[in-house]
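Trainee: Chain by chain, the residues:
There are 4 protein chains.
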Amino acid sequence: MLNKTICVAITARPSYSRIRSALSILSKNKNINLHILCSGSALLNRYGRIVDYIQRDGFHVYDELYTYVEGDESINMALTTANTISLSAQAFKKLAPDFIVTIADRYETLGTAVAASYMNIPLIHIQGGEVSGNIDEVVRHTVTKLSDFHLVSNEYAAQRVHSLGESLNNIFITGCPSIDIAEEAKHISQEVLTHSLQQQLGSHVFNLAEPFIVLLIHPETNHHEESFNNMFLLLTLLTKLDINVLVFNPNVDSGSDSMWQALEFFKKGYEQNRFYYINNLEGHVFLKLLTLSSCLVGNSSVGIRECAYLGIPVINIGERQNGRERANNVLDVAWDEYEITAAILQQLSIRHYPQSTLYGNANAGERIASVIDSLS
Amino acid sequence: MLNKTICVAITARPSYSRIRSALSILSKNKNINLHILCSGSALLNRYGRIVDYIQRDGFHVYDELYTYVEGDESINMALTTANTISLSAQAFKKLAPDFIVTIADRYETLGTAVAASYMNIPLIHIQGGEVSGNIDEVVRHTVTKLSDFHLVSNEYAAQRVHSLGESLNNIFITGCPSIDIAEEAKHISQEVLTHSLQQQLGSHVFNLAEPFIVLLIHPETNHHEESFNNMFLLLTLLTKLDINVLVFNPNVDSGSDSMWQALEFFKKGYEQNRFYYINNLEGHVFLKLLTLSSCLVGNSSVGIRECAYLGIPVINIGERQNGRERANNVLDVAWDEYEITAAILQQLSIRHYPQSTLYGNANAGERIASVIDSLS
Amino acid sequence: MLNKTICVAITARPSYSRIRSALSILSKNKNINLHILCSGSALLNRYGRIVDYIQRDGFHVYDELYTYVEGDESINMALTTANTISLSAQAFKKLAPDFIVTIADRYETLGTAVAASYMNIPLIHIQGGEVSGNIDEVVRHTVTKLSDFHLVSNEYAAQRVHSLGESLNNIFITGCPSIDIAEEAKHISQEVLTHSLQQQLGSHVFNLAEPFIVLLIHPETNHHEESFNNMFLLLTLLTKLDINVLVFNPNVDSGSDSMWQALEFFKKGYEQNRFYYINNLEGHVFLKLLTLSSCLVGNSSVGIRECAYLGIPVINIGERQNGRERANNVLDVAWDEYEITAAILQQLSIRHYPQSTLYGNANAGERIASVIDSLS
Amino acid sequence: MLNKTICVAITARPSYSRIRSALSILSKNKNINLHILCSGSALLNRYGRIVDYIQRDGFHVYDELYTYVEGDESINMALTTANTISLSAQAFKKLAPDFIVTIADRYETLGTAVAASYMNIPLIHIQGGEVSGNIDEVVRHTVTKLSDFHLVSNEYAAQRVHSLGESLNNIFITGCPSIDIAEEAKHISQEVLTHSLQQQLGSHVFNLAEPFIVLLIHPETNHHEESFNNMFLLLTLLTKLDINVLVFNPNVDSGSDSMWQALEFFKKGYEQNRFYYINNLEGHVFLKLLTLSSCLVGNSSVGIRECAYLGIPVINIGERQNGRERANNVLDVAWDEYEITAAILQQLSIRHYPQSTLYGNANAGERIASVIDSLS
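Residue numbers (our numbering), protein chains in the order written: chain A, 938 to 1313; chain B, 938 to 1313; chain C, 938 to 1313; chain D, 938 to 1313.
One thing to keep in mind: the hints can contain errors.
[To be verified] Dumping the calculated DSS-like pairs for lysine-lysine here, alpha-carbon to alpha-carbon at most 25 Å:
| hint | chain 1 | residue 1 | chain 2 | residue 2 |
| --- | --- | --- | --- | --- |
| 1 | D | K1030 | B | K1030 |
| 2 | D | K941 | B | K1031 |
| 3 | C | K1204 | A | K1031 |
| 4 | A | K967 | A | K1031 |
| 5 | A | K1205 | B | K1205 |
| 6 | B | K1031 | D | K1030 |
| 7 | D | K1031 | B | K941 |
| 8 | D | K1204 | C | K1204 |
| 9 | A | K1030 | C | K967 |
| 10 | C | K1204 | C | K1123 |
| 11 | D | K1031 | C | K1205 |
| 12 | D | K1031 | B | K1030 |
| 13 | A | K1031 | C | K1031 |
| 14 | B | K941 | A | K1204 |
| 15 | A | K1030 | A | K1123 |
| 16 | C | K1031 | A | K1030 |
| 17 | C | K1031 | A | K941 |
| 18 | D | K1031 | D | K967 |
| 19 | B | K1204 | A | K1204 |
| 20 | B | K1031 | D | K1205 |
| 21 | D | K1031 | D | K965 |
| 22 | A | K1205 | B | K1204 |
| 23 | D | K1205 | C | K1204 |
| 24 | C | K1205 | D | K1204 |
| 25 | C | K1031 | C | K965 |
| 26 | C | K941 | A | K1031 |
Hints were generated in silico from the structure; no laboratory data involved. Here the structure is a predicted model, which is why all the values come from computation and not from measurement.
Work out the full structure: start from the sequences and follow the hints.
Mentor: So, in structure tokens, the structure goes:
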């Protein structure tokens, strides 16, 4: 069989950001029938319905699977994963792909992996072997055990995948595809960014020329009962600094609901004129924004990966990114008002770090596409 | 067996409002073990987690079932109903109740009814036999066909249930329990209302002494693609009237997401100083608020039932309440800017209607409790 | 739109038998894209995987949905129905048919109906409005309430559907399609039958020239705890008659497992040389077999419908077919050894009844296809 | 907290056999509230409804979860696992155990593990770290990655779990609990065995004094399309040997349906007087039977573990037990008629091997109970 059918499962916005550069190349390959299977928060308006962007970018969305069971307890992650298994399995049966691609470590990707593995369809895992401090950590290594091929970011990740018992023949170091988007972001014009911000902020005009902080914080699933307090702590300490703040919505992990509540509570009780709330920006536009920011405050892996490449100062809070290799652009702090404030002030004084290629040098998409093309 | 185990399935805030007066009486009955099974939006923060109020009111919540599959397409109603069947069936098997009670006509209640019926557990349906213009209509009559006992609001409803083939022996006219809450609402102090509003509105103080309109609008599931436009039309026409507006969140029917988006869009682009947004008020506090309002604008059944009893002017828009018997407090209009505006102006000139007992005279809770006590 | 996409949901063998004659005509209609969606026992080896016959007959199977949750309690009917909703809804979303067709009254067809109705896809129900004494009864009328078009067997059924509140404009009397198969069965050669029996019975040769009884018994879902005893009673009383018996497997309703156990128990403890066990025969071959039999013993609707047309003597046991109109070929008896034995002896003495057209005159397939073609 | 609530998830007969000795001790521990959660084939009549034996043995069954989606394709394993996650998660939420115990490596146990892990409930895995050649292999290591504590059979298994990245502090060598049952089996009287066989075989009397072979074969999930042929090959080659054969039913893995079909086909076409079919024997009675047999033919892990301890000759066919450490009682052969026949003849000449303690020395139950007691 010359033609291969490849099914790429995308369950959330960051997964798409990371695979987009590879998809562009794969979609031009005549030997490959490329289908995207979307589920989870990729379909939800609250998270910017990334599926619409995928279609607008010209990729074929094979099906949309509504799998996300709303709620703010840990059981919701289990129920959503169960739905992901059932509906993905049904879609895989109908499409009968030769390979399935799953990306990174969100909890619901384990559903994709179980369906693929149990149905004996070879599974390609992108970004395995990394380390962090969350349910992600468990999911990532579990997905590795269910996968057949491992396309990893760097030598460290390759070693970890190998030590989990996977054969070196099936491990490929491709670099992290998020770095491709970081490189791409450099070349976006400020007009595009200004336009996107306007769409989100409406009449509440944001001046990119003034210094600003970007806040992007997700729940720690192992401590999700702290989510309200953590979010509230952060917002209130930021009111004490004389700087504009762009606040992004948290993701759908358990605890995110409490974060939303903290946001609502904060909006009603505190002076808001330096705060701007953003529902959704496309990945590369978001990175362009970061390049103009004074620093990123939060616990997203964006701070560890893309910001390393772009040299953006980062204050990384709490345990969520524990153990992940990092460049020197990151200051790690605990959930403590004074530590966080001090770190922000320090980073504001620095402004920019040199580029690091710890997570690749912006050709991961090419390499991923090339490995996938070579598999049979 | 002298003791009866009764399981009351509650899937959304209005269901609880309607059954609360009966629950108070049943919970004091020594021959009855009363358990509440909560699911759907009754567990969701976005809809005010009514389950917490149920527990605070002293009722025993047997279990919480996360069933709501987030998304804004009609398939989400089907998927949520499927989850309701599976998880309710499992809970019914464990609890083994003698009777199950289901309330009204929300789409997911069909899941409760299928589980009960297929498991041969006698099902008591409250508020069957009414008429409206939505998926509710189909659901209501379908639940009737799966139910064993029918506790209805009035003679019209009893006739309709009977004409669907149900035996008169199993039909009981109890009045609509929402009227009980309406009566109760009259006796709530203005301080309680003021306090509740403050919790919701924070620093954005609302003056109850000035005239105001209440806006409560849900999607029409048969035309849910219109939801964005409808919501936006309403909000913008209200900007042209010189009166305060209290806006309540729509429910979780398909189309509600688009309504939320219309709300967000409106908030960013239009002058907001006469608009106040409320996430959640308890049922009786909400009715107290209505008694002080100039009129209710929307398409909720509250306008047809409770407002009839309370004599509150109502502008009822679109097809959602089609066919439901109504008192003269209601002006029916289409989704048309001029019709709606004219009707609002007319109702503002009237201020109050006489009490109607079309949906009961505030003793439905007692009657419902008494019928349930008598069943064996 | 000239072309219509029609999706016919088939969940069990009898559904296919009943719709096959209409499918043959529809599949030749150039304006219709005809897709079959198979689920439930239609996919199971234990029930003869009817899906393979559907494909062999040249129809396009759009997808296979594994929905049947094995187990012998009433909860299994609820769980299977939940799966039917989820997976059917997903398939309907992908296929986007203009009409969905559902047949008769098996419990899991309610899942098809909920998915179609909630997704606003017009639903055509075949064989509504009849009466019987089982969960089927509830399911049939419930599916009627969720359906948009009703293609019924006779005037009685049309009246009942109308009295459930459905508009006469949407009710069509087509006759029962099972009668088409009965007519077809008359023309099957005895060789085909002999060959099919041989495949099922292997070395245990069955002589069609000797008189024989056919036993086809399903659980009564309202009394499924009696299933073991009922089956065992029947088998043992048949050992006392000096006649060959062909025993067919029960369906998947709750209680069928106990029937299987009774069968196993009987096989081990009793003289077997006059008993022959058949796993599966195609519908029309089964009817050919009936035409050669002395009588049918059981509680299947085949005895009421097809046997009326074919004039075959029937002993109908218990409540399962209560209320269904019947011709004079049927003797109704309770689950009582003496009643059943007496009725069998009486029917053995009669041998044949005149043809009845109570359920149609063998052109239902044509009429159904014609109504479906006319809908828009 | 002094009292611990322990929930032991049992999804199939062998899981119960392996944990029974530990359950006996734990159930007498006053500090432990012991609950069994049954699902999968543990509830199915076709597999002997082991849940009834669990209750008869005096253990508390917290709930029964019907999760098994019948069908013979690989998708059924995925769908069943999805159900296991949903319903187990719901049960865990209601029971709120301090620890959950999962046993071995059946595919659906991954569902238990996902639910426990995502809900942050410490998970104890029994029998991790072993090696075999099937989906079991993947499941076993995947469950290890989701587990918190690992109670393993021997030093080899402990090493493997450690090399998967688990801390030595959380790994405990307890021996394999199946060896406890093997020891117990030695002390069962022949009367008990005779009685159990009679219940299964009815009038088809089996003479334990004559030499006999036991056949216990499961599908290879990686090659499940071969299942029919493999089963048929085995049965027909056994007809050529002049010895009685006791045939046991295969498990519910994908492919088992085809094995059942091969069995049915064989029963109809071949001389049966030396073949005896057994639906179900309790674990320890089955082992007693093995001690009297000439050899075990098949691919079950019983041949590798319990038979090593009992010194029973085993012919192990195919890849299913690949890589598992074995004692010298096992002859490994491919799916080849001549290889298998030769190996059987060789084992028939040997009759008995010395005891091996490779999988423990019959005190695993005690050790497991003691480790669980010590955890906090």
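Trainee: Each hint needs a verdict: does it hold in this structure or not?
Mentor: Verification of the hints:
1. D:K1030 <-> B:K1030: At roughly 16 Å apart (the allowed maximum being 25 Å), K1030 of chain B and K1030 of chain D satisfy the hint.
2. D:K941 <-> B:K1031: 22 Å, holds
3. C:K1204 <-> A:K1031: 41 Å, violated
4. A:K967 <-> A:K1031: Satisfied, since the Cα-Cα distance of roughly 22 Å is no more than 25 Å.
5. A:K1205 <-> B:K1205: Given that 25 Å is the threshold and the Cα spacing comes to 16 Å, the pair holds.
6. B:K1031 <-> D:K1030: Judged against 25 Å, a Cα distance of about 14 Å means the pair holds.
7. D:K1031 <-> B:K941: Holds - the C-alpha atoms of K941 of chain B and K1031 of chain D are around 22 Å apart, at most 25 Å.
8. D:K1204 <-> C:K1204: 14 Å, holds
9. A:K1030 <-> C:K967: Violated: K1030 of chain A and K967 of chain C sit about 29 Å apart, past 25 Å.
10. C:K1204 <-> C:K1123: 33 Å, violated
11. D:K1031 <-> C:K1205: Violated, at about 43 Å.
12. D:K1031 <-> B:K1030: 14 Å, holds
13. A:K1031 <-> C:K1031: 11 Å, holds
14. B:K941 <-> A:K1204: The hint is violated at about 48 Å.
15. A:K1030 <-> A:K1123: Distance ~41 Å between K1030 of chain A and K1123 of chain A Cα, so the pair is violated.
16. C:K1031 <-> A:K1030: Distance of about 14 Å is within 25 Å: holds.
17. C:K1031 <-> A:K941: 22 Å, holds
18. D:K1031 <-> D:K967: Measuring from Cα to Cα gives roughly 22 Å; hence the hint holds.
19. B:K1204 <-> A:K1204: Answer holds: K1204 of chain B to K1204 of chain A is near 14 Å, not above 25 Å.
20. B:K1031 <-> D:K1205: 43 Å, violated
21. D:K1031 <-> D:K965: Holds, at about 24 Å.
22. A:K1205 <-> B:K1204: 15 Å, holds
23. D:K1205 <-> C:K1204: 15 Å, holds
24. C:K1205 <-> D:K1204: 15 Å, holds
25. C:K1031 <-> C:K965: 24 Å, holds
26. C:K941 <-> A:K1031: 22 Å, holds
Comparing the model with each earlier hint shows violations of hints 3, 9, 10, 11, 14, 15 and 20; every other hint is respected.
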